[in-house]
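Student: Kindly produce the complete structure, drawing on both the sequences and the hints.
Residue numbers (our numbering), protein chains in the order written: chain L, 5 to 565; chain P, 24 to 187.
What you were told as hints is all true, and nothing was included just to trick you.
Not the full set, but computed from the structure, chain P residues with beta-carbon under 7 angstroms of chain L:
1) Trp36
2) Phe47
3) Pro135
4) Asn138
5) Thr141
In short, the hints are calculated from the structure, not lab data.
These figures come from a predicted structure and were not determined experimentally.
Here a beta-carbon is modelled for each residue, glycine too, at the ideal position from N, C-alpha and C.
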Amino acid sequence: MSITAEHAASLAATSSRPAVTAVQAYGNKLGLWNMWVAFAALALGLPMGLFQAAERSGFFPGIENTAVYFASTSTHGVLLAFVLTTFFAMGWGYHTMAHSVNKKPFFGWTSFWVSLVGTVMAAIPLLTGYASVLYTFYPPEFAHPSFYLGATLLVVGSWFWVADMIIAFVQWKKENPGKPVPLVMFMFTMTALLWGWTSLGVASEAVFQLLPVVFGIAPTIDVGLARTLFSWTLHAIVYFWLMPAYIAMYVILPKEAGGKLFSDEFARIAFVLLFIFSVPIGFHHLYVDPQQAAGWKLLHMFGTFMVAVPTFLTGFTVLASMEIAGRLRGGKGLFGWIGALDWNNPFVLGGGLALLMLTVGGWGGVLNAAYTWDVMVHNTQWITGHFHLIFGGTTVIMYLVAAYWLWPKITGNALFSRALAVWQLWLYFIGMVVLTAPWHVLGLIGQPRRVSTTDQYAAFPEYAQMWGIYEAIMIVGAVMLVVSGFMFVYNLFMTHFNKVPAADTKVEYAVAIHEPMRLPNVLNSLAFWNWAMLAYMILSYGYPIVQFFFMEGHHTIPWGV
Amino acid sequence: MSTIHIDPLEKRWLWAIGGMLALFWGVQIYFAAVENMHPPSNVETIESSKMHLSGEFAEENLGVKNEADGSYTVTMVAARYGFYPQEIEVPANTPVKLRIASFDVLHGVHVPFSNMNTMVVPGYVSEVHTQFQTPGSFPMICNEYCGLGHDYMYSKLHVTAGKS
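Tutor: Dropping the structure here:
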């Protein structure tokens, strides 16, 4: 239901609008600009996905073009996995810093502009076909130098944000000795710290390996080392994307659903476990790589499955919180609370759909993590299906509902249409399921990911035939996602310029059933986990990286695309 | 010392999580230790710019060899845009060792419906130990983006009926 103008006006008149402090106004503006960049990347990146689904199907000979396909794939990946995520985390992180601990960042606009300039520098070669190396970089193939410089600047810009979050966290703790840091701030700072550690891998690859080659300083590159460094980043970056989605589930969803957070402490435990177990486990991306020994892969397998622990904790706490809300709203019986929830509230609906996709996608991830079974699906379309369901599905749908929640509070304008938002979320969910279900099947029957056509195996027509029907279904899913994405951006845009004031602009986070008065230090500080990460990283990446400096004769010359 | 509040339900759930974790780990340890299933992981370097001149990956030494113990060794080069030799033939249900090295950029090899799946990283030799169970002809597909001709990079694997 959209709120009528008169209704909203009467609400606005009766509700006392909270005074916004200067710091909060600053955080609002900074957050809004960052998040608009994020969602502009979403709007640009989604149609590229549809183009790729259509191009590779072979149903539309008129649009088939391998060079455009790989330029599009590279750009789609960079826009959605790097730009959307980084700017969204920075934007909401700055907003959180202002509203939960009332701190003004030191580097707010520096961070924004450095990241934006980096994005534009990377976008130009991407869009003109000079950086078709896909978003995982792929040395010894090399793109235009501007691509690597731009990507590096985007990361450097985000480091200013990481520093800001940590400084604000430490300052608040000094001013409030013994008090628990507000949960939302604890979670966001853990996310920032995670990103700091995560990005060191790819930053080292860029600074010590890729940039020296593109500028002609180094004649050759060790691809084994480059892949090892990238694996350091490659899994934990996924948690950098996912953690803001979890934050939305922990600190907003319970309140929007009409209940309380089941446990503050378990939320913190889940986040410190996510932090410590997401970085030192990147070798499951290298299971079938020749440059690392089986023992190290086995070690990383144990850590990879440990990530299931905070995921299961999150599922439990969020579902329990929703159950509380459902029962408070009069739901009875084992499942009656589900029907009692307000599914016309975009946040409740988005949260429920996100959990559903997480449950299905998570079980798919168990196969990817399996040391002995990954060979069945490695680099097949299964992988694409898996990460679209978890990232494009669970993660991004939480970004969308977080935006529906944030925009009225930041701009002071009412959400343009709640009904449109609800339809948009359903369409997004159905589109994502229709898109990714055939991909999982295609992977199991052997279709590789990253191909721009399916009729390449002329000598094996039965394979191309087997794939046909799934190619058709995926296009339907992609169309739904593009339409849904545009509905989202339209709704956000109309909200931004809505004349109707929002009924409630107060930023309030969910309260736990037992709000902790004091916390053990490990659940309220960063230092212990920072040292633990250092130790774990030395254990799991120390020898595997150092070994390359004792090998000989394996450096490779750079190649064009 | 402050303690944290843990609900009895949460305690039960922690036991359930521990059980699932033990199951995941246990299954993987079983297949690794008992069934001897390991991903291809021989850490062995090779100079990709000179490998065509002499030795194992020189053109005259590529292909299928029948070893004295009855097993087969297949030596292949991956290069834009094919695996060479382009057709290989091995018997079913016989141990096969495939050794593959890249001449240029990153490649991958996957034979659908089998556990023959490895990255081919320039500078390193990939080695896969397997037995093909189903006779027939299969594509060996390049499953890693290697340039604009990647889509058409494949070769053929013929599995003959061989031993019973």
